[in-house]
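Chemist: Protein sequences, first through last, are from chains H and Y.
Heads up: the first sequence runs through residues 1487 to 2027, numbered per our numbering.
Heads up: the second sequence runs through residues 2 to 348, numbered per our numbering.
What the hints contain is simulated information worked out from the structure, not anything from laboratory work.
Every residue gets a Cβ at the ideal spot worked out from N, C-alpha and C, and that includes glycine.
Accuracy of the hints is not assured; some may be wrong.
If you want the ones that stay clear, here's a sample from chain Y, every Cβ over 10 Å from chain H, calculated [unchecked claim]:
#1 A94
#2 D164
#3 W176
#4 D183
#5 L235
#6 E265
Okay, derived cross-link-like pairs now, SDA-like style, lysine to any residue, Cα gap no bigger than 20 Å in a straight line [to be verified]:
#7 K14(Y) x G2014(H)
#8 K1580(H) x L1564(H)
#9 K329(Y) x N347(Y)
#10 K10(Y) x R1708(H)
#11 K10(Y) x F1993(H)
#12 K153(Y) x G2014(H)
#13 K1587(H) x A1559(H)
#14 K12(Y) x K1587(H)
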Amino acid sequence: MLFTSYQFIGFVILLVALYYVLPKKAKWPLLLLGSYVFYFFAGWKFLFYIAGVTVITYVAALLISRNKNRADARFAELKALEKSGEGAPEECGKEARKRYKESQKKKRRRIMGVGITIALLILAVVKYTNFTIHNINGLLSAFGSSQRIGFLTIALPMGISFYTFQAVSYVIDVYRERHEAQKNFFKYALFVGFFPQLVQGPISRYGDLAKELFTPHPFNGRVLERGLERVIWGYFKKVVIADRILTAVNTMIDTPENYKGVYVFLVMMFYALELYADFTGGIDITIGIAEMLGIPMKENFERPFFSKNIAEYWRRWHITMGTWFTDYIFYPISVSGPMLKLGKWSRKHLGEKVGKRIPVYLASFIVWFTTGIWHGASWNFIVWGLGNFVVIMISQELEPLYRRFHKRFHTDGSTTYKTFQVGRTVLLMSALRLFDCYRDVPLTFKMFGTMFTTWNWKSFGNGTLLELGLVRSDYVILGLGTILLIVVSMIGRSGSVRDKMEKKIPFAGRWAIFYVLTLVIIVFGAYGLGYDAAQFIYNQF
Amino acid sequence: MSEEQNTRKNKCKRVALVLALLVLSALLTYAVDLLLRPKYMGEVTEGALTAEYYQAKGRHQVLFVGDCEVYENFSTVQLWREFGINSFIRGGAQQLVWQSYYLLEDALRYETPDVVVFNVLSLMYNEPQNEAYNRMALDGMRWNSSKWNAIKASMCEDENMIDYIFPILRYHSRWNELTSEDFKYWFTKDTVSFNGYYLRTEIMPAGEMPPARPLADPKFGDYAMAYLDLMTELCQEKGIKLVLIKSPSLYPHWYEEWDEQMVEYAKAHDLLYINMLNIAESEIGIDYNVDTYDAGLHMNVTGAEKCASFLGKILVEKYGITSARGDKKLEAYWAEVEKRYDEAKNA
């Protein structure tokens, strides 16, 4: 059931209607049922994966929570025993209590380790087995062996990367005592499987989402309107822009030998627009649907293409993934024993200035490697992830140089320089995204190189652009659509666009605006016969 | 006024506003939908035929159902002129047997003809064929269970029922193909057929046809035959005589094995089956040098008149169809049709 399918739209209308009609007690079970029905349509076999991850992480978190409660009770008991003087100091003294606390913490860490390892193992097996086999076969070939390992037929369950990360974060948060474990299995299953976020996130945290999920929200016209507005805006981005430009991108990347030089630049820019419209559109639909049900979700984007550098871009693009990697990979690695030891060693041997950066860069390297491979089981994504790491690292290392430059030329803060920074971010990010497009890493580098060696800029004027699967009117729509995206983004810099509309435009006016937008989607959308129904790009990750 | 009354009043106002906006939006969307639908008023007019049935006057004594071999090969005007028979052709381009069945079922909601004539060529298709032809045959039908079932039976793999319910979802991409014709026929259309007959005046002598390809399976498919059975049952149930014909078109090739099956079927169900192809020149008087407009595939108006004369005689003699002349309203209606017909014929 694609987000852009009629079935999905019908499903959401029915679910929202039922949600407000049913009694309070039935609301969250309805969401759970709806989520599993949605997942069933993606493939009934995939239900086993999501159910498996849910059961494992539920049990792990519950065991951790129970252990913690028992340990706290025992700790208090020991303390009381010491105070009363009834117990021996080696049994209930401060040292003994500390030892007990440590041992229980280790036990909980072990449970957490087992729980998240099994969950991640499921993800690894379905997502990375064939990639591993592919690489082993490559090595066998390189060493002259004719032996090959056969590939496995494993379909990637929809949204497995998203719900696995969500479930893992839940177990870790229970371990870190951010919140109690959810005792009701079905409520927890709803948190993991809440259907709008299954397709492409956002990656929600239990502490942020759970309460809203389980609260029976009464009907509120304003809430419904706001959610619907966001859904419509999301469909506009996805169906009018992303799915239209997709044809041109696919034409150029499917036969790269025909599209070198300036076309690679076009792929860069078109794919950046496609990905932005596709992913943010999908998230708008997700958050909008949740809003229609009265459930607020975390924002996943904050106008990323207005960022001044890549580090800032990553704080504003796929925010929930970025914070996930920071909280659950970067920080734990940075403060881990081996890393602290490495920091000490490097400061001693390489000097304070260089030495203190080694552990940070190593942790960053691991984060970006993981980010890359999380996006897809291929070297393209790994190199893309590491490309981000290299650019961020270089940018940090050049910081003193920038400072000197600004001091000398007084450029910092000027509009021209800010525009340059934004343009640079767009170009850098779009160039890195070429790894998403071409079939392998050498080809990506080769195609990137042709931008500087094949001078075919005349193609812009000789009608070749009309051979990419788009006609003139498609370009007009894309142009107007992109202008609208930029204008809305700029208005949104000083606060929510919908809030502003609500304050300034009466209900009938807002209705007119969103009715026209809906009509634009219906008429100008790239859907139906003659168009390929495109799955969301991030759904593949 | 109390606060509660005020709140209630505001709520009512809000609901009224939402309802008004909903109605307005629906009307606007419908207008855009009508604009985007193909009008079938220019070169391809076949898509307009289905809807024209509902405008025709009087009870039809004879109803034709089938594909292009009926709507191009039988002049309904000739039937009226020569025999006073009020007939209508519910035919469409590559109209499949199940579409003919449901169009007949739909027509029987409004009238009960004496005879139904079905052209059997479409039995060669046992599964949905082409979305464009489906739309031409079905878009013009009025909504009822017959249309619903016809769509269900006809949909190709990539089609959706909702695209038929809301045609704008299918035709939205026509926004960049709109011509002055779309605006001219936005809300009203011309009548393009003559009681379902599609008149062509050009002459193109029949040429050499491609050789008949050997049949993998000479038997008609079960799905197609099941609908022929349904059509037979429906006619029996309503006391209508069903006549099976093979129109005198030279292509697609009509195989001997197919003909034998039709002969057997007609015998088994006590129906009349006429293979007009075998007697086209000898009995009907078709001259393939002058009576076809596309080298033998379909008849032009002279060929269609000859076919109508031949069939009309059988309908009168065998089934006792009498002239409907005398009904003033009907005569006035046909006078108008004949006038248009003669103008088109002599143009």
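Chemist: Hint by hint, note whether the structure agrees.
Modeler: To see whether the hints hold, each was checked on the structure:
The claim that A94(Y) is not at the interface with chain H holds, since no C-beta of that chain comes within 10 Å of its own (minimum 18 Å). Residue placement check: D164(Y) does not keep its beta carbon more than 10 Å from all beta carbons of chain H (closest about 7 Å). Residue-level check failed: W176(Y) sits 5 Å from the nearest beta carbon of chain H, not beyond 10 Å. Annotated as non-interface, D183(Y) keeps its C-beta farther than 10 Å from every C-beta of chain H; the closest such distance is 13 Å.
Consistency note on L235(Y): stated as away from chain H, and its beta-carbon is indeed over 10 Å from all of that chain's, at 32 Å minimum. Residue-level check passed: E265(Y) sits 40 Å from the nearest beta carbon of chain H, beyond 10 Å. With a CA separation close to 38 Å, the supplied pair K14(Y) and G2014(H) exceeds the 20 Å bound. The suggested pairing of K1580(H) with L1564(H) holds, with an alpha-carbon distance near 9 Å, which does not exceed 20 Å.
For the suggested pair K329(Y) and N347(Y), the alpha carbons sit about 27 Å apart, so the restraint of at most 20 Å is broken. Distance check on the hinted pair: K10(Y) and R1708(H) sit about 18 Å apart at the alpha-carbon level, within 20 Å; holds. Proposed proximity of K10(Y) and F1993(H) is supported: the alpha carbons are some 17 Å apart, at most 20 Å. Between K153(Y) and G2014(H) the alpha-carbon distance is near 18 Å, which keeps this suggested pair within the 20 Å criterion.
The suggested pairing of K1587(H) with A1559(H) holds, with an alpha-carbon distance near 11 Å, which does not exceed 20 Å. Between K12(Y) and K1587(H) the alpha-carbon distance is near 60 Å, which puts this suggested pair outside the 20 Å criterion.
Hints 2, 3, 7, 9 and 14, counting from the list given before, are not met by this structure.
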